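Enquirer: This is what each chain is made of:
Number of protein chains: 2
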Amino acid sequence: MGDWQIVVDKATKAATTWSSSDPSHRASILESIGRGLDENAERLVQIAADETHLGNARLRGELLRTVFQLGLFAKVLREGSAFEATIDHLDDDWGMGPRPDVRRILIPVGPVVVFAASNFPFAFSTVGGDTASALAAGCPVILKGHPGHPQLTEATAAVVSRVLQAEGVEPGVFSVIYGEDDARRVLLDERVKAGAFTGSFSAGRHLFDLASSRRVPIPFYAEMGSVNPVIVTREAIEVRGKEIAQGYVDSFTLGAGQFCTKPGILLVPSNSEILDDIKGAVEEKEASQLLNDHIASGFSRRLSELSGNPLVKVIRAGQISGQISSPTLLATSGAAFLEGRSDLGTECFGPASLCVEYDNDSQLLDIVRSFEGELTGTIWAQGSEGILFDLTTLLAARVGRVVFNGWPTGVSVTWAMTHGGPYPATTSVLHTSVGTTAIRRFLRPVSFQSMPDHLLPPGLQEENPLRLPRRVDGVLQTGTHSISDKGE
Amino acid sequence: MGDWQIVVDKATKAATTWSSSDPSHRASILESIGRGLDENAERLVQIAADETHLGNARLRGELLRTVFQLGLFAKVLREGSAFEATIDHLDDDWGMGPRPDVRRILIPVGPVVVFAASNFPFAFSTVGGDTASALAAGCPVILKGHPGHPQLTEATAAVVSRVLQAEGVEPGVFSVIYGEDDARRVLLDERVKAGAFTGSFSAGRHLFDLASSRRVPIPFYAEMGSVNPVIVTREAIEVRGKEIAQGYVDSFTLGAGQFCTKPGILLVPSNSEILDDIKGAVEEKEASQLLNDHIASGFSRRLSELSGNPLVKVIRAGQISGQISSPTLLATSGAAFLEGRSDLGTECFGPASLCVEYDNDSQLLDIVRSFEGELTGTIWAQGSEGILFDLTTLLAARVGRVVFNGWPTGVSVTWAMTHGGPYPATTSVLHTSVGTTAIRRFLRPVSFQSMPDHLLPPGLQEENPLRLPRRVDGVLQTGTHSISDKGE
Numbered sequence: 001m002g003d004w005q006i007v008v009d010k011a012t013k014a015a016t017t018w019s020s021s022d023p024s025h026r027a028s029i030l031e032s033i034g035r036g037l038d039e040n041a042e043r044l045v046q047i048a049a050d051e052t053h054l055g056n057a058r059l060r061g062e063l064l065r066t067v068f069q070l071g072l073f074a075k076v077l078r079e080g081s082a083f084e085a086t087i088d089h090l091d092d093d094w095g096m097g098p099r100p101d102v103r104r105i106l107i108p109v110g111p112v113v114v115f116a117a118s119n120f121p122f123a124f125s126t127v128g129g130d131t132a133s134a135l136a137a138g139c140p141v142i143l144k145g146h147p148g149h150p151q152l153t154e155a156t157a158a159v160v161s162r163v164l165q166a167e168g169v170e171p172g173v174f175s176v177i178y179g180e181d182d183a184r185r186v187l188l189d190e191r192v193k194a195g196a197f198t199g200s201f202s203a204g205r206h207l208f209d210l211a212s213s214r215r216v217p218i219p220f221y222a223e224m225g226s227v228n229p230v231i232v233t234r235e236a237i238e239v240r241g242k243e244i245a246q247g248y249v250d251s252f253t254l255g256a257g258q259f260c261t262k263p264g265i266l267l268v269p270s271n272s273e274i275l276d277d278i279k280g281a282v283e284e285k286e287a288s289q290l291l292n293d294h295i296a297s298g299f300s301r302r303l304s305e306l307s308g309n310p311l312v313k314v315i316r317a318g319q320i321s322g323q324i325s326s327p328t329l330l331a332t333s334g335a336a337f338l339e340g341r342s343d344l345g346t347e348c349f350g351p352a353s354l355c356v357e358y359d360n361d362s363q364l365l366d367i368v369r370s371f372e373g374e375l376t377g378t379i380w381a382q383g384s385e386g387i388l389f390d391l392t393t394l395l396a397a398r399v400g401r402v403v404f405n406g407w408p409t410g411v412s413v414t415w416a417m418t419h420g421g422p423y424p425a426t427t428s429v430l431h432t433s434v435g436t437t438a439i440r441r442f443l444r445p446v447s448f449q450s451m452p453d454h455l456l457p458p459g460l461q462e463e464n465p466l467r468l469p470r471r472v473d474g475v476l477q478t479g480t481h482s483i484s485d486k487g488e
Numbered sequence: 489m490g491d492w493q494i495v496v497d498k499a500t501k502a503a504t505t506w507s508s509s510d511p512s513h514r515a516s517i518l519e520s521i522g523r524g525l526d527e528n529a530e531r532l533v534q535i536a537a538d539e540t541h542l543g544n545a546r547l548r549g550e551l552l553r554t555v556f557q558l559g560l561f562a563k564v565l566r567e568g569s570a571f572e573a574t575i576d577h578l579d580d581d582w583g584m585g586p587r588p589d590v591r592r593i594l595i596p597v598g599p600v601v602v603f604a605a606s607n608f609p610f611a612f613s614t615v616g617g618d619t620a621s622a623l624a625a626g627c628p629v630i631l632k633g634h635p636g637h638p639q640l641t642e643a644t645a646a647v648v649s650r651v652l653q654a655e656g657v658e659p660g661v662f663s664v665i666y667g668e669d670d671a672r673r674v675l676l677d678e679r680v681k682a683g684a685f686t687g688s689f690s691a692g693r694h695l696f697d698l699a700s701s702r703r704v705p706i707p708f709y710a711e712m713g714s715v716n717p718v719i720v721t722r723e724a725i726e727v728r729g730k731e732i733a734q735g736y737v738d739s740f741t742l743g744a745g746q747f748c749t750k751p752g753i754l755l756v757p758s759n760s761e762i763l764d765d766i767k768g769a770v771e772e773k774e775a776s777q778l779l780n781d782h783i784a785s786g787f788s789r790r791l792s793e794l795s796g797n798p799l800v801k802v803i804r805a806g807q808i809s810g811q812i813s814s815p816t817l818l819a820t821s822g823a824a825f826l827e828g829r830s831d832l833g834t835e836c837f838g839p840a841s842l843c844v845e846y847d848n849d850s851q852l853l854d855i856v857r858s859f860e861g862e863l864t865g866t867i868w869a870q871g872s873e874g875i876l877f878d879l880t881t882l883l884a885a886r887v888g889r890v891v892f893n894g895w896p897t898g899v900s901v902t903w904a905m906t907h908g909g910p911y912p913a914t915t916s917v918l919h920t921s922v923g924t925t926a927i928r929r930f931l932r933p934v935s936f937q938s939m940p941d942h943l944l945p946p947g948l949q950e951e952n953p954l955r956l957p958r959r960v961d962g963v964l965q966t967g968t969h970s971i972s973d974k975g976e
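First to last, the sequence lines map onto chains A and B. Per my numbering, residue 1 is the first one in the first sequence, and the count goes up by one each step. Per my numbering, residue 489 is the first one in the second sequence, and the count goes up by one each step.
In isolation and in its complexed conformation, chain A is listed as follows (with noise of 0.2 angstroms):
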């Protein structure tokens, strides 16, 4: 029997205790491991630096985010309404007839394997955001550790580990697997019920389409990044047009150009001045080192591509050598853009972007449609355009978030926050995997007909043990608790 194998028996046999689980045992679980990463920070830190080239500051705030993404799931559990505890009393009256008392609640789909990202290698790493809101929903999670940080990931898994075997908690609660193969037997195995996965969209589609083809397909959440377009109007320009030429700068070469949410377009009107304080900006920028050779291979790969293409300019090439970059600043028209849509509009992951000069409204509206799936779609405006309402229409339609006056990359972990999208976004348009409401992928509601009390989940006896918020005869009721989350 493979390693694998025995992951996925021991995951199988924690779900028992661990989907059953009292949700305030799994709030102090999660808070647990956030103390643990806290107490090794540094030497986490070290590792993450050594094996990621990103900055010790980057990486002290990625592992702060992780922690209190950890404290905000344990938050989640404690207030309660993430389960859905609905119930319907014996009605006799009820419109349709009769009804009998009928209960529902969301309950964990059962073990869940993860696919850890390279790019932040504590957010949506080992322990990150899939990882928590999988184990806040009480699933065992099989973490498939993400070859660009190995060390990272098995320090990290060792906290993990160490916390759980303290709190008495089964082991197989959370396991990590190295390589893609046997990644992919633990996605194929019947006793796996959900995946999640951040990272590109060629394996992404790869593991959803694995995921749908098995015999019992299962839910596959791939978050495969964007180009995150960005729109720039012309009054905005006018009252800050370098302080948006410096934002976009920053942010686009931020974690040097690797984040799913970095702006790999913007969208500026014709004949403005930006575009040379764009220049100037990138050029001040200093180069730095991408994750690893396989981003380094492809990152130099996409950008021949884009900067070879004779739809585009290159206004500031940057100096590559190995996994050293500078960052590199395009640009073409509006007519040239739509004209090369599937050549232009796709991502290249790392610190590039390219301007796309709109002639007017009509034709920027025009651009705005021929975006499909964003994660993020952002406008930098003064507020009283009169194109923003129908700008905001359409970028909602398209992506997950759309940004006024910021910028897309830093993603807020908040109980508001979608970090989703239209496919090619993710595979899946209807969930988020950042933000408190990442829970609900892994839960699934069941439903308790005529049940006696005692052999009902605590959540939905009579007398409310746990305190949740619940609908009762469809009238909400927010619980015998609140909660306020300000100045945490």
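I should point out that these hints are in silico values taken from the structure, not numbers from a laboratory. Computed from a predicted model, the values in this text were never measured in an experiment. The hints are all genuine.
Chain B is nowhere near these chain A residues, computed Cβ spacing over 10 angstroms in every case: (1) 279; (2) 287; (3) 463.
So the derived list for chain B, only partly shown, Cβ under 10 angstroms to chain A, looks like this: (4) 549; (5) 585; (6) 707; (7) 885; (8) 904; (9) 916; (10) 945.
Calculated lysine to aspartate or glutamate pairs in the EDC-like style (CA-CA distance at most 20 angstroms, straight line): (11) 501(B) with 390(A); (12) 13(A) with 860(B); (13) 75(A) with 579(B); (14) 501(B) with 372(A); (15) 13(A) with 878(B); (16) 13(A) with 854(B).
Where a beta carbon is used, it is the ideal one built from N, C-alpha and C, also for glycine.
Model the placement of chain B on the given structure of chain A, informed by the hints.
Expert: Same frame as chain A, but now just chain B:
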């Protein structure tokens, strides 16, 4: 351009206004459609009876349920929490670093193709639950009419179209197509964003595979039926064996056994007298007419397989003549069922059911563990049996609804209902096709960051003009108006 293309064009065009319409407007439209059905009830029921051979009383009840369902979704729209409006105000002290103002709401996914079912010509057909929930979500519906009741489909669609016209709604909000080829073309059209289906396993899986393998995959919600195991304890038989026997036979012969929730398997203790009682009740049942030749021949073929299986005893062979069939009762032992699991444990759509005599609790649990995914699982017990906790836990992990001392047929439309379950009962374990949360299949999240108030959708504006229940800074607020659905 084919008719189906015109239909998709119209639906795509209509999506713009329908998706951004005020939820209370859509609520009024759903109620008007309900009134339209009510006003034409006599005529519609007569057409349905002629086409489906289902009894008038049953059809009148089903129409009532369908009208009620439209009204309940109207209530959901007016109550507003289905849109999950969430507001996180700007917070400089947010734990992972300053957070911008982020606001999240659910918006419609776009045009939906709905495949009507044959066995519920009102409740799961032209303007049944899938259509009602998609329209409620703000999605135009392209309805693939079922060939089993073409005249009823036309008549029902005409009622809907008249209401839409009278209310000034774009006609593309609801269209009907016919034929499998056109339906497949619509499902594969990139402007169509989701699909819903109720019907056979083979058709459901085929369509799910088409939807998943598109260049742009879309969610496809297929409800494909199940065997809905019913477990009876020895204690229950001692106290009310005759009542259970009669209830079982009534349930599996209801609507000529053509319910997705028909109890296809009854698990009873060996050497009990209930089998005699069941046999007696079956013998008193008259023959009934199946929906159409396709279903009659499918039933006959599947029943021959089951009856001819050497592991199965025929307790009472029904008389089958064309579409007319009297009920068939089969029996087998627990050990034989486990041996022939893959042949004996799949649906036989029509008036037949299989009694499985289990030897002891341990074997019963093994049999329950052998079920993969079912719409329902039922327990008849006295309440104090030691096995009940394990039975409930095992069933909850395998079904969408656990029923206690009741019958799975007759799904009530309520806030807490789940009509779904793990594969192969459905292709989407996260969702239900009956009950108020069915709307969620057609909604997806979008977030707005730092957006000026006047550019936000009304549901997210600071003053809450739609008076939605919202989560604000982590705290659930039930909105400025509440709702009670008692006594309606």
